[in-house]
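Student: Listed below, chain by chain, are the residues.
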Amino acid sequence: MTDEPYRWLEAIANRRDYVREQLKGGSPAFAVSMPAGILLLGVGSGSSKVFELHDRHAMAGLGHPADIERIRQTAIDAAHIEAFTRAAQDVSLRRLVGFGLSAQVKQNFEQLFTAPVLGEFVFAELGDTPAHDHLVRLRFDGSFVTQSGGVCIVAPETEAESAAQEWLRREIESRTSLEAIADLLLQTWWCLKEGMSFPPTTPAESERQSGWKANLAGKTIEAALLRRQSSSVSRYETLVLNSEGLGIH
Amino acid sequence: MTQTTAIAGDFLSLLAQHETRLFAQHPIGSMPNQTQATTVFAFHFAEGVLMAGDRRATAGNLIVTDKIEKILEIDATSLLAIAGVPATAFEMARVLQTSFEYYRRSQLQPLSLAARVRALARLLRDNLPMTMQGVGIVVPLFAGVDFSEKSPAPHIYFYDPLGAQFQAVGHAASGSGSASIRSIFAFHERHGTPRPSEMNRLEATRFALRLLMTASELDSATGGVDPSSNQFATLKILTSSGIQTVSDSDQAAALATDPNANAG
Numbered sequence: 001m002t003d004e005p006y007r008w009l010e011a012i013a014n015r016r017d018y019v020r021e022q023l024k025g026g027s028p029a030f031a032v033s034m035p036a037g038i039l040l041l042g043v044g045s046g047s048s049k050v051f052e053l054h055d056r057h058a059m060a061g062l063g064h065p066a067d068i069e070r071i072r073q074t075a076i077d078a079a080h081i082e083a084f085t086r087a088a089q090d091v092s093l094r095r096l097v098g099f100g101l102s103a104q105v106k107q108n109f110e111q112l113f114t115a116p117v118l119g120e121f122v123f124a125e126l127g128d129t130p131a132h133d134h135l136v137r138l139r140f141d142g143s144f145v146t147q148s149g150g151v152c153i154v155a156p157e158t159e160a161e162s163a164a165q166e167w168l169r170r171e172i173e174s175r176t177s178l179e180a181i182a183d184l185l186l187q188t189w190w191c192l193k194e195g196m197s198f199p200p201t202t203p204a205e206s207e208r209q210s211g212w213k214a215n216l217a218g219k220t221i222e223a224a225l226l227r228r229q230s231s232s233v234s235r236y237e238t239l240v241l242n243s244e245g246l247g248i249h
Numbered sequence: 250m251t252q253t254t255a256i257a258g259d260f261l262s263l264l265a266q267h268e269t270r271l272f273a274q275h276p277i278g279s280m281p282n283q284t285q286a287t288t289v290f291a292f293h294f295a296e297g298v299l300m301a302g303d304r305r306a307t308a309g310n311l312i313v314t315d316k317i318e319k320i321l322e323i324d325a326t327s328l329l330a331i332a333g334v335p336a337t338a339f340e341m342a343r344v345l346q347t348s349f350e351y352y353r354r355s356q357l358q359p360l361s362l363a364a365r366v367r368a369l370a371r372l373l374r375d376n377l378p379m380t381m382q383g384v385g386i387v388v389p390l391f392a393g394v395d396f397s398e399k400s401p402a403p404h405i406y407f408y409d410p411l412g413a414q415f416q417a418v419g420h421a422a423s424g425s426g427s428a429s430i431r432s433i434f435a436f437h438e439r440h441g442t443p444r445p446s447e448m449n450r451l452e453a454t455r456f457a458l459r460l461l462m463t464a465s466e467l468d469s470a471t472g473g474v475d476p477s478s479n480q481f482a483t484l485k486i487l488t489s490s491g492i493q494t495v496s497d498s499d500q501a502a503a504l505a506t507d508p509n510a511n512a513g
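Protein sequence lines, in the order shown, are assigned to chains A and B. Just so you know, this note's numbering puts the end of the first sequence at 249, numbered straight through with nothing missing. Just so you know, this note's numbering puts the end of the second sequence at 513, numbered straight through with nothing missing.
Honestly, the hints are just simulated from the structure, not real lab data. Incorrect hints may appear among the rest.
[Stated by the list, open to error] Derived Cβ-Cβ restraints for the label pairs, each shown as a range:
{"no.": "1", "chain 1": "A", "residue 1": "Leu216", "chain 2": "B", "residue 2": "Pro378", "range": "54 to 60 angstroms"}
{"no.": "2", "chain 1": "A", "residue 1": "Glu159", "chain 2": "B", "residue 2": "Ser490", "range": "47 to 53 angstroms"}
{"no.": "3", "chain 1": "A", "residue 1": "Gln89", "chain 2": "B", "residue 2": "Asn449", "range": "47 to 53 angstroms"}
Each residue gets a CB set at the ideal place from its N, CA and C atoms; glycine is no exception.
Construct the complete structure from the given sequences, taking the supplied hints into account.
Tutor: Structure (structure tokens):
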């Protein structure tokens with residue numbers, strides 16, 4: 001059937017609908033570039049969402065745990081081979097995602113007789129300053145967008161993700177501490193999970209705060225910081241975060 | 250997607266998939282004048298393990314450099330001391346650094362001390378063809394913290410060139426100056442006041458520097474320690490909380506406050 005162009009287009013469209021349906025209900029994940037480093041955060045229920053990739057690289061995602069694991073392992077393999085055969089400074093998201101992962105995810109999506117990747121991802125690369133940080137948003141069809149610094153959200157609904165990202169970008173400007181930014185990300189997480197629209201009908205901050213705290217039952221907040229100032233080669237630090245506060249593990 | 254590695258979390262099998270060869274496996278025509286690095290040692294003191302090395306590399310009767318680093322940090326709680334051919338030893342250190350981090354990141358747990366010790370033994374075995382030809386021989390020391398113990402503590406291991414591994418009770422030494430250093434250790438472990446295992450950080454630092462000074466007087470391939478010409482050793486301290494480097498200024502201070510300075 002796929003040798004006829006129309007059938008192929010129809011099959012791809014069906015496949016896109018299938019993947020989107022599978023990703024519905026996924027728990028959003030976040031990456032934020034800030035002076036202290038890059039904060040990655042997700043809320044999981046039984047499976048991990050935030051991972052270290054290399055000295056200055058990390059990722060977060062939503063979707064099927066097996067597919068997140070497959071992408072994670074592929075990225076780790078590629079990063080370590082690159083660092084060993086060249087140097088750690090040569091590991092870059094531009095090459096890792098742009099020349100490697102993106103093409104493989106696209107191929108998986110468009111080859112109709114292979115399983116598509118049921119996952120959406122954000123990759124983070126720590127720079128010397130926030131302006132040199134890179135965030136890459138990789139979608140299930142292999143398309144990706146790179147940005148320097150800022151905020152990046154991974155959510156199952158594209159429209160809600162864009163609206164939340166725009167709102168978060170404005171709201172985050174008035175916050176400087178790690179705790180305050182993590183709190184804001186969790187507020188955004190709760191709004192997205194509840195299917196709320198963003199301005200002008202966003203609920204008040206106190207309501208959003210009590211909302212995310214009340215919805216943590218059976219779930220774990222996963223957070224990590226790619227720390228800019230560190231004596232360690234590996235900049236990834238796991239943060240312990242619960243409704244009581246934030247600590248470094 | 251790429252194939253999964255043959256052994257999960259094993260960086261060497263990942264390298265093999267990419268057909269990256271670590272060490273030369275075939276005989277070479279003639280033996281080059283090899284750069285050698287000596288002398289290194291490690292011992293237990295009151296706070297943990299002190300690992301020390303001089304900074305001289307030689308090739309035959311030539312001094313190649315007096316600035317080489319022979320005590321290498323493999324990860325946050327592992328140290329490698331290299332004696333032998335730096336070209337091979339540095340490559341082994343790089344393989345270990347990448348392997349340990351690769352395992353920790355890919356398997357989401359750190360490698361056990363036993364596995365870290367065996368990883369080095371495996372590299373030495375892989376280097377066997379070069380060792381048997383007398384080219385690229387490496388006789389390293391390894392120190393790491395065992396976190397499976399109730400009270401995690403650092404341990405010292407030494408190896409033979411074929412990869413056999415041995416745990417050191419009090420101390421271990423390798424390289425051309427190691428014979429004199431082992432003799433002094435044996436004496437101090439029996440008659441010293443305090444014994445090396447009882448020394449505090451300052452005493453251990455001073456003891457290590459004096460050991461290297463003595464070795465350099467008896468072995469031309471061992472670089473000395475001479476504060477007047479700003480020539481110091483590489484000293485690293487391993488405890489259960491991590492690695493600390495004893496700076497040149499701290500080494501100078503340890504020697505300057507030596508109550509037995511005139512005794513040599």
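Student: Give a verdict on every hint.
Tutor: The hints, checked one at a time:
Taken as a hint, the range 54 to 60 angstroms holds for the pair Leu216(A) and Pro378(B), whose Cβ atoms sit roughly 58 angstroms apart. The hinted range of 47 to 53 angstroms is satisfied by Glu159(A) and Ser490(B), whose Cβ atoms lie roughly 49 angstroms apart. About 39 angstroms separates the C-beta atoms of Gln89(A) and Asn449(B), a value inconsistent with the hinted range of 47 to 53 angstroms.
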